[in-house]
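These protein sequences, in sequence, are chains A and B.
Going by the working numbering, the first residue of the first sequence is number 32, and it counts up by one from there.
Going by the working numbering, the first residue of the second sequence is number 3, and it counts up by one from there.
If you are wondering where the hints come from, they were derived from the structure by calculation, not from laboratory data.
Glycine included, C-beta positions come from ideal geometry on N, C-alpha and C.
You may find that some hints are simply not true.
Covered, in the sense of this in silico footprint (three residues per stretch, anywhere, with C-beta under 8 Å from a C-beta of chain B), are these stretches of chain A [stated by the list, open to error]:
| # | region |
| --- | --- |
| 1 | 100-106 |
| 2 | 111-120 |
| 3 | 129-140 |
| 4 | 278-285 |
Sample of chain B residues facing chain A (criterion: CB under 7 Å; computed from the structure) [what the hints assert, rightly or not]:
| # | residue |
| --- | --- |
| 5 | C13 |
| 6 | E119 |
| 7 | I206 |
| 8 | Q208 |
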Amino acid sequence: MNAIELCDVNKSYDSFSLNHVSFSVPKGCVVGLIGENGAGKSTTLKAILNLIRIDSGSILLFGKDHKQQEILARENIGVVFEECEFPPYLNASEVSGVMKNIYRSWDTAAFSSYLKQFNLPVKKRVKEYSRGMKMKLSIAAALAHHPSLLILDEATSGLDPIVREEILDILREFIQTGENSILLSSHITTDLDKIADYITFIHDGRIMFHQPKDDLTDRLGILRCSREDLATLAPGECIRCRQNAFGMEALVRDRAAARRKFPAAVIDPVTIEDIMLFYIRGEQI
Amino acid sequence: MKGLLYKDFYCLKQNMKYIFAILLLYGFIFIPQGNSSILGAVVIIFPMLVITTLSYDHAGKWDRFALTMPVTRKMLVRSKYILFLIMLLFGMLIGAVFSAAGLLFRQDFDIMEIMVEIMAVAVAALWFGIILLPLIYKFGVERARLFLLLLFALLGGGMMAFVSIAKNAPLPSFTPQQSALIIGIFLAASIAAYAVSYLVSVKIYQKKELS
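Just chain A, with the same shape it has in the complex (with noise of 0.2 Å):
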């Protein structure tokens, strides 16, 4: 079952709009939410959070509509926003006391044991956290009601590549069971290379794609070679070019048949962010 499925999913603003916007967030899998600033993703885990309403398509959540049994679902799921949304004038076990008054599952000894974990001070006020402590203060609360499902919207922006890596793990584990799934929204690519199953990359309220990142990044390449050359390989080989100084880059589904195609070019394999350039700033042929 998946724990989250868009289907057609529209929503049009005045000067923005998400079209049919289509995918899936497996159970057991992390799915990395990648594009730019403005490309739709916020917006997307918005309208899954029935924040927002969508003009068209449906959003099922566990299965079901997300409009409908929306308590029982939001027990389930723990969400945590870039920005930590807990009032500043509340301190770590004041927030524990009004969480545990909202989820009926709320666990005060889980929390307590990753403020711990997280070297988390009780009685400082939110406000004094500087802002890994912050996030980490979201994150241990989005856990601590034991929810099955997490949605991070750029959770790990702004924040040190030591807390990032802190973070990761703690997404890591909470995976590891195979009964929990992550949606997680990023434009830190490396963070997604390490952890994501899945990547679906939103371009202008469009996805562009949704697939396994070990297909991805095991069988794109980037072919650097001559104009002419380029102009050789079959249509639909090349996904994205570019010019550069030395010549030409190129994105190419197979990286093997490239290889084969041409034997003396210099063939990359690909990062995340790397696919993520070719789709923004490359041209197609």
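Knowing the structure of chain A, use the given hints to seat chain B on it.
Showing chain B alone in chain A's frame:
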């Protein structure tokens, strides 16, 4: 739902401390002089703190976050209406405590008149809630604050007009018992209006998009 109220109480803890300190200071100065005008302020100031919580919520994008939890929009609105009532009752209680303190200082303190005054102010405060809360849900705290100023101005102007009319043509005077009855009837009507106000706010808030 209880959690939402807890959150507001925690947020207001600091404000409440300051308000208590100021009230005590004023009480010490004015009550021994037989001046009971502070009671009105005491009753109205606590429910008005609900507006403060709404502005905190807005600044911290709390609603958006809360709605990712097992919390509905209706619950968010309801918690504010309940908080407003709790604060109003609390204000009335503190007002009563101040009156009792006044009695200790001065035997000529007319307790009945003061009780009527507290109730009258409470009803006025309730009407602030009835009118302001839907406006806040519709226009946001910042713009609704302008309405608050307008309300205060209207109330002040109305009272001045009333006083000047009453001077020229004395109105039939009521005994405190009669005025209590009139205020009681008005109170019942106000509570009904409060319920309607709640339903209007829910309706407005259901349609809101939280980006």
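Against the structure, the hints come out as follows:
Here's how the region 100-106 of chain A fares: 5 of its residues keep a CB closer than 8 Å to some CB of chain B, so the rule of at least three is met and the hint holds. Counting residues of the region 111-120 of chain A whose CB lies closer than 8 Å to any CB of chain B gives 7, so the stated coverage by that chain holds, three being the minimum. Under a criterion of three residues with beta carbons nearer than 8 Å to beta carbons of chain B, the stated coverage of the region 129-140 of chain A is upheld, 7 such residues being counted. Coverage of the region 278-285 of chain A by chain B is violated. Counting CB-CB distances below 8 Å, 0 residues qualify, and the rule asks for three or more.
For the restraint placing B:C13 at the interface with chain A, the shortest Cβ-Cβ distance is roughly 5 Å, inside the 7 Å limit, so the hint holds. For B:E119, the interface hint is violated, the least distance from its beta-carbon to any beta-carbon of chain A being 33 Å, above 7 Å. Evaluation of the B:I206 hint against chain A yields a violated restraint, the C-beta minimum of about 15 Å exceeding 7 Å. Look at B:Q208: its Cβ only gets to about 10 Å from chain A, farther than 7 Å, so that hint breaks.
Hints 4, 6, 7 and 8, counting from the list given before, are not met by this structure.
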